[in-house]
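So the protein sequences, as listed, match chains A and B.
Quick note: the first sequence uses my numbering, first residue 1, plus one each step.
Quick note: the second sequence uses my numbering, first residue 419, plus one each step.
Hints listed in this document are in silico derivations from the structure and should not be mistaken for laboratory results.
There may be inaccurate statements among the hints.
[Stated by the list, open to error] Chain B stretches covered by chain A per the calculated footprint, using a threshold of three residues with CB under 8 Å from any CB of chain A:
#1 422-436
#2 442-456
#3 460-466
#4 480-487
The beta carbon of each residue, even a glycine, is placed where N, CA and C say it ideally should be.
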Amino acid sequence: VRTLASPKLAAYAGLGAAGLTAALLFGRPEAAALGLPFVLVLLVGLATAERPRLQLRAGLDRDRIVQGDHATLLLDLEAENAVDSARVSAPLPAGLEPAEGSDALEVRLGPGEHRPLTLPVAARRWGGYVIGSVDVEARDPFGVYRFVGNVDAGLPLRVFPRPEALHRPVRPLETQVWSGDETSRRTGEGIEFADVRPFAPGDRIRSVNWRVSSRERDLYVNDLHPERNRDVVLLLDTFADTTLDDAVRATWTLAARYLRQRDRVGLIGFGGTMRWLTPALGEPQRHRVAEALIDTEVVLSHAWKGIETIPPRMLPPKALVLALTPLLDERVVNALFDLRARRFDVAILEVSPEPPLPPAHRPPAGLARRIWRLERESLRQDLRQLGVAVAVWSPGEPLTAAIEEVEAFRRFARRAPA
Amino acid sequence: VLGVGLILGRPRPLPFGLALLGAAYVVAVLERPPGLDPLAPAFGAGLLLAAELAYWSLDARAPARRDPGLRRRRAVRVAGLVAAAFVLDACVAVGAALGGLAGGGLLLSLLGMAAAVGTLGVAAALAWPRVPKA
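One chain only, chain A, in its complex shape (with noise of 0.2 Å):
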């Protein structure tokens, strides 16, 4: 605990030092009326003055939580001697923010006294933090001295983006051999019924369709579809900052909805730094993408990125490949052509950058917009022409919506040679 002068121990020195020497100048006992009662406060604060010998721990009930939620910050304030005002406050880095308007506390405390605090802390953004120090400043009863002191707490929170509301996410065109929720086009061992046809040696007797077969007065059997899972890569576009939020939850939303079909999942982190995680299943998979969300961050690079940088086990044949962009970055539209032209199974789900920018009405500004807007309009029937799908998603509409549009595409539209 460091101490240090309050600006009231100064200034009362300084205005008791004039009413008395006021009053030895002019000869006048008023001024030195004026003066004293200062350097009465002086001296008794002086006197009375202790340095509190306090001992802080500080603490969170959780380490992770979804963004918007709450954690507490658990704070055990002990002195051995009393302490007239003791202020606790943990400054907190942006993203995060008390919930209770103040990230400070003010306490007296009493000698041997122990005394426990929470402050609750509100994650208004997705992300890995670490509340860094809580710091303790404390007074003597006439305010002469502050002693200042912290704790160097280290206390990491992670917080998890907020997951969207999703009816069903998009269904790659081809499954793979794995078992999973998905019904496979092929026909095998399965539940779906899919095709009657003829015996053939080697098809088991429980697959024999009997009434069928008395009808043709020949053995038919079942063809059943298999479940298989779905190799999906999500490639997010961190080069855009403007929409790396909105992405960033959509993509959460899109990967523990497929990991929860079995399906397997990878993930690219596709800008100024290059990142990715392999495509795999399950629960521990689920971890893996939402720690290598929360430390996503746009880098700023001009360096060409291309998706020759990808290793190929990122993009497994029949994968589907879906892209959560902006499409503002030349390199990302880039790679999107690139990988199609390679016949991947793409999809793209553009984040708008629209609804962060400044209304545009008069001419100049207004003409420029339109003419951009064009050209964005132009990208997408690119795309759309090799069989891509494209929806505009808007943060604040319904993610289901540009789901529903991306399916009705690919339910529709035939496939271009790539």
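Got chain A; can you put chain B on it based on the hints?
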């Protein structure tokens, strides 16, 4: 000046504003015919009250969840200080009036010496503020 300090939330202008208030009173006293002003203790205590309230106002601006009893305790302490200051000033005024020293003399000389010693003492305390008391 006091108002500017309070509006800006800065403690630095406060002593200048208080000093100007005190100076205005001293000038008014000097313009009067010789004789002790009976309201001097009230002015002295009032100036201290203004200073305490000004610093309290600055302290209260820092947002914090406070113990319910903190304000009451501080109010009682300020009231006690102001009352003690009034009594002290009254004692000085009575002493000056009784001793017939309003125009100068031993008491004021002693007060002047106290000012010098006090100023030196506080300056020493300011220069060595880190260890006020173990």
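Verification of the hints:
Judged by the Cβ-Cβ criterion of 8 Å, the region 422-436 of chain B is covered by chain A as claimed, because 5 of its residues qualify and three suffice. Counting residues of the region 442-456 of chain B whose CB lies closer than 8 Å to any CB of chain A gives 6, which reaches the minimum of 3, so the coverage claim holds. With a cut-off of 8 Å between beta carbons, the region 460-466 of chain B has 5 residues touching chain A; three or more are needed, and the interface restraint holds. With a threshold of 8 Å between beta carbons, the proposed coverage of the region 480-487 of chain B by chain A holds, since 7 of its residues qualify and at least three are required.
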